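J.: Put chain F on the given structure of chain H with help from the hints.
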Amino acid sequence: MARSTTKKAPAKSAGKKKKVVKPPTPSPPASSDEEQEESENEVDDNSEGEEFTDGKTFTDDNQKWLKMKGDDSASEDDEADSDSEASISQIERDAMALDAEKEEEVKEFEEDLQRQRQEMTKVFHLPTAEELEEDEDRVVPPSEIRERVEEIIEVMQDFKRRREPSRSRTEYMDQLESDLSEYFGYLPELISLFLKMFSPSEALEFLDASDKPRPLVIRTNTLKARRKDLAQALIKRGVNLDPLAPWSKVGLKIYESTVPIGATPEYLSGHYMLQSAASMCPVMALEPQPGEKVLDMSSAPGGKTSYVSQLMKNEGIVVANDLKVERQKATVGNLHRLGVKNVITCCNDGKNFPKVMGNFDRVLLDAPCSGLGVISRDQSIKVQRTVKDIERTAHLQKELLLSGIDSLNAKSKTGGIMVYSTCSVSVQENEQVVQYILNKRDVKLVDTGLKHGKPGFQRYQERRFHPSMQLTRRFYPHTHNMDGFFVAKFRKLSNKERIPPPEEVEDEEVSGEEEEDVEMDVEEDEEEVSEEKKALRAKFMSGIVKPEDDEEIDSEEETKKSENKPKKERWEKIKKGKKKKGEKVVKEQKSKQVAGKKKSGGGGGPEKKKAKK
Amino acid sequence: MRPLTEDEMRTMFQKLSTYIGKNIQHLLQNKTEAHAFRLLKDRVYYVSESLLKAAPNLPADTVLSLGTCMGKFTKGKKFKLHITSLDVLNRYALYKVWVKPSSEMSFLYGNNIPKSGLGRITDGVPQYGGVIVLSMSDVPLGFGVAAQSTEVCKDLEPTGNVVLHQGDIGEYLRNEDDVF
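From first to last, the protein sequence lines are chains H and F. Our numbering puts the first sequence at residues 1 to 613. Our numbering puts the second sequence at residues 1 to 180.
Per label pair, the in silico range of CB-to-CB distance: (1) Ser50/F with Pro142/H: 53 to 61 Å; (2) Gly76/F with Gln232/H: 44 to 52 Å; (3) Asp229/H with Lys15/F: 26 to 34 Å; (4) Asp229/H with Pro158/F: 29 to 37 Å; (5) Lys31/F with Gly449/H: 28 to 36 Å; (6) Tyr109/F with His395/H: 45 to 53 Å; (7) Gly449/H with Lys41/F: 35 to 43 Å; (8) Thr122/F with Asp211/H: 51 to 59 Å.
Below are the DSS-like pairs computed for lysine-lysine, each with C-alpha atoms no more than 25 Å apart in a straight line: (9) Lys53/F with Lys351/H; (10) Lys355/H with Lys53/F; (11) Lys100/F with Lys236/H; (12) Lys41/F with Lys324/H; (13) Lys413/H with Lys53/F; (14) Lys228/H with Lys100/F; (15) Lys411/H with Lys53/F; (16) Lys444/H with Lys454/H; (17) Lys324/H with Lys72/F; (18) Lys329/H with Lys72/F; (19) Lys41/F with Lys329/H; (20) Lys78/F with Lys329/H; (21) Lys100/F with Lys154/F; (22) Lys31/F with Lys313/H; (23) Lys75/F with Lys329/H; (24) Lys224/H with Lys31/F; (25) Lys451/H with Lys228/H; (26) Lys224/H with Lys96/F; (27) Lys329/H with Lys53/F; (28) Lys53/F with Lys313/H; (29) Lys80/F with Lys329/H.
Chain F regions said to be covered by chain H (calculated; three or more residues, Cβ under 8 Å): (30) 37-51; (31) 54-66; (32) 134-148; (33) 169-176.
Just so you know, these hints were derived from the structure itself, not from any lab. Here the structure is a predicted model, which is why all the values come from computation and not from measurement. We put the beta carbon where it would ideally sit given N, CA and C, even for glycine.
Chain H with its partners taken away, still in its complex shape (with noise of 0.2 Å):
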């Protein structure tokens, strides 16, 4: 028994270093593998020292020992060396306890993928009418609503095979919906909103990320201090901070604080704005250039506009307007804490613009907004805000965003900008309503220059947006770790007003629609021109991703050319003015023929509205 003791030792050694050097295959924590292989050497000692007072020594077993001493451990040799009879005995130990624990491990590896195919194929069993009738009495514990949630969507996710064959894919959503809403206590409408947006799993992150807080951020006022030096002051403070991202050079999170950090003598001073993140990306994408003139139409508490200023270094003229009067304190006391001298505070209706002031270079436009993405600052928005708040806000919004771009100088050298954003990610509020805007006025979507953020959706449910709507960029609470944002960017082409032709609204909604189809038949038609048609393509995508400046001058000397035709011809040159294009260095590679078939086969949504008039 003493020799079985001594010799554990080495033998346990041999199964750690094995332990590294095997490769990470899912198995229970290390503890009790260890004591598992405790008890096994225990019992191989035992039969072992058996063997030898038998006189059984070298066998076949042996062999195979013989040929692992090479690349077993050299460490080992001496002391087997000294005692050959014992070596040999604990050597093979160890080769044995390797093969046990090496089964084990395949054993437990092979019983893990059952485990897990089972569970990947397992039916969930969708609660019926009548079970949740039943549950209506007793108290449904959150745990399990969240689990019945996450095996839904599971389900949603590999729906042809695990649903259950007798339920349809609007009965799981129906469950999920009210679970999602009971869990998360949101009004039902909201949470079927979300669902038209996301994915199933998408909307469970975005919900659950609207339920933490979001890091607390500042902005640098660049015009009393720099980031460095305010970094270094409130660090001496107590304040853990890191930079906010790498796509600012102003911003500073803060992490834990032992001060206030609402109060600190930086603060009062005005070297820092307590700014969210997601709201210094407007004014990024306004661009504003000293000496302008900017206009911001909802400008309490004056956050944005102080970045405003701050990009123009005081000069030019900022004028922060908001409707209300309480607000605007709050605005005029920041601005006078940063040290901002540019800006004129007032307080007009946003809707009244373009008559209280107009011309000015560059125009921001915070719209006021449902708040659908900063639910994690106010928890209230979840019960408060109904499908009819969402319509309402909308309409204001189009129509302060209307006023918004009538108040700007189209003919301004440096600017003729508009930015539009919401803190909403509903599309009702954001897509809809620049889509309204392009409908309505000579404007169009430029890129926001935000490197950061999705791009805007170009299709919601039933609805068609322009193909330029992914300029336009959406922030995130889950993917972000911002408030949720949209943004977007316009440039005014002129003064003029865009009148539609009387069908034009509907065209636009179903004008993606009709684009894909013509596309397909084309493929399906001409397989000679197919490759150029490619490429074609391919230049009108990256056309559309960026659209640099010589599609800026195609535009603008479209519009001088047709300044005497009507306005509803000039309208649809601009809207197709990209696609005619291409189909002219078409004709002109090929010969007529194959571009008249073209016009007829796949000439576009355009071409064919044309021919009926």
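T.: Chain F in isolation, oriented as in the chain H frame:
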């Protein structure tokens, strides 16, 4: 909104001169851009020319503030400097007082500065002369009136007041409604 009358101009300049002395002329003849004083309700604003040109376009009753607010005329026709004017005052200030970090917060809560909190002081401050209060890292914290001249300060006991509080940046939080 209107320019100041001569009387108003005189009372305001009297007040300003205790802080910036003859540097008032730099205010009136700003080298970067022409500036002027304008009265809006009872407040006096220091406004650049470009803002002045743009302001009349807006409906007069909707304008809340423009440029930098210097202070206000009280009902008794006296001029009261506001903390918002600190930037302007600091640039042209004649006399300055630096406060030790230990009594920084006390001053920001509206207290006077005792001798124990005094870090540095410019030479030749007369008694009751206007001084700008700065932190040791040159961040302006407010303004006040020197309780004693510089010479007397040297022999003052630690609890004796050096600067009598007039305005400090803590007011941005304490009485936002009052100032704006």
